[in-house]
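Undergrad: Sequence:
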Amino acid sequence: MPILDTPFNALIIGSSGSIGSAFLQLLQDHPSCVKVISIHRHSAPTIDYEQLDSIAQAASELTSEGPFQLIINTIGILHGAEFMPEKRLDDLTENNLSTLLNINTIGPALTIKSFSKLLDANQGVMVTLSAKVGSIEDNRLGGWYSYRASKAALNMLIKTTAIEFARTKPNVALVALHPGTVNSRLSQPFKGEQIGRPPLDAALDMLNVLLSLNKEDSGTFISYSGERLPW
Numbered sequence: 187m188p189i190l191d192t193p194f195n196a197l198i199i200g201s202s203g204s205i206g207s208a209f210l211q212l213l214q215d216h217p218s219c220v221k222v223i224s225i226h227r228h229s230a231p232t233i234d235y236e237q238l239d240s241i242a243q244a245a246s247e248l249t250s251e252g253p254f255q256l257i258i259n260t261i262g263i264l265h266g267a268e269f270m271p272e273k274r275l276d277d278l279t280e281n282n283l284s285t286l287l288n289i290n291t292i293g294p295a296l297t298i299k300s301f302s303k304l305l306d307a308n309q310g311v312m313v314t315l316s317a318k319v320g321s322i323e324d325n326r327l328g329g330w331y332s333y334r335a336s337k338a339a340l341n342m343l344i345k346t347t348a349i350e351f352a353r354t355k356p357n358v359a360l361v362a363l364h365p366g367t368v369n370s371r372l373s374q375p376f377k378g379e380q381i382g383r384p385p386l387d388a389a390l391d392m393l394n395v396l397l398s399l400n401k402e403d404s405g406t407f408i409s410y411s412g413e414r415l416p417w
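The opening residue of the sequence shown carries number 187 in the numbering used here; numbering runs sequentially from there.
Mixed in with the good hints, there may be bad ones.
Claimed, not checked - Below, computed lysine-lysine pairings styled on DSSO-like, alpha-carbon distance capped at 27 Å:
| hint | residue 1 | residue 2 |
| --- | --- | --- |
| 1 | K318 | K221 |
| 2 | K273 | K303 |
| 3 | K273 | K221 |
| 4 | K345 | K401 |
| 5 | K273 | K401 |
| 6 | K273 | K299 |
Said to hold, decoys possible - The following label-pair restraints were derived from C-beta to C-beta distances:
| hint | residue 1 | residue 2 | range |
| --- | --- | --- | --- |
| 7 | T249 | Q214 | 31 to 37 Å |
| 8 | P416 | L287 | 40 to 46 Å |
| 9 | E251 | D215 | 41 to 47 Å |
| 10 | P217 | M187 | 35 to 41 Å |
| 11 | Q214 | S284 | 35 to 41 Å |
| 12 | E402 | H228 | 25 to 31 Å |
I should point out that these hints are in silico values taken from the structure, not numbers from a laboratory. Yeah, the Cβ is synthetic: ideal placement off N, Cα and C, and Gly gets one too.
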């Protein structure tokens, strides 16, 4: 039986981005979503992965709004104004690697630590957006060193936490979710406008997957299509 088979409260983390704002729109209109709250770098409370103390502070300030049955974290980075994904090892720099690990791995891990306390222990789904290129088994092309490494590390943290939650929060599903190629700021330099799906379509695909999850799905890496992906 799906975990979210009754009316639920939702929290969107990173709602100022393309995918986060699409999730917010869908959940505001969803008949089973009683309440949806969203936070981002400029909200109150604020969450900013360049200021890691903001994570625990934001969770603390939202305690009275919980519990939430659905928590979705959409925050992530692929490139910046001064760097792009590496094509070869010689392109790797300390700054690129540390920046992506901070935002794609450390921030989300601390978010799981703090915000899982706001998750309904009787029926909760917590999802963090990952990426198929973070799959070690599926890596056939190489390149994108920092991004691949940061998502692979994130996947390990999610899998490890799910093992703990199987003992301490057995009615909760903690998953990594691959959104596919979406027409967003993240994908635009890589032909995202030509080959990506609109954010609202992508968010709807993912929401349908989340609404079908049961507790046995915890600790899995899932695509927007519902396909199980190799770690």
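Undergrad: Each hint should be assessed against the structure and marked as holding or not.
TA: Structure-based check of each hint:
At most 27 Å may separate the alpha-carbon atoms for a hinted pair to count; K318 and K221 exceed this at roughly 31 Å. Straight-line distance between C-alpha atoms of K273 and K303 comes to about 39 Å, which puts the hinted pair past the 27 Å bound. As the CA atoms of K273 and K221 are separated by approximately 43 Å, the hinted pair breaks the 27 Å bound. Between K345 and K401 the alpha-carbon distance is near 14 Å, which keeps this suggested pair within the 27 Å criterion.
Restraint check for K273 and K401: the C-alpha separation of about 39 Å exceeds 27 Å, so the hint is violated. Simply put, K273 and K299 have alpha-carbon atoms about 33 Å apart, too far for the 27 Å limit, and the pair is violated. Checking the proposed 31 to 37 Å range against T249 and Q214 shows it is violated: the Cβ atoms sit about 22 Å from each other. In this structure the supplied range 40 to 46 Å is violated for P416 paired with L287, their Cβ-Cβ distance being about 22 Å.
Restraint check, E251 to D215: a C-beta distance of roughly 20 Å breaks the suggested window 41 to 47 Å. Under the hint 35 to 41 Å, the C-beta atoms of P217 and M187, about 19 Å apart, miss the expected range. Roughly 36 Å separates the CB atoms of Q214 and S284, a value that falls within the hinted 35 to 41 Å. Taking 25 to 31 Å as the suggested C-beta distance range, the pair E402 and H228 does not conform, at roughly 38 Å.
In this structure, the earlier hints numbered 1, 2, 3, 5, 6, 7, 8, 9, 10 and 12 are contradicted, and the remaining ones agree with it.
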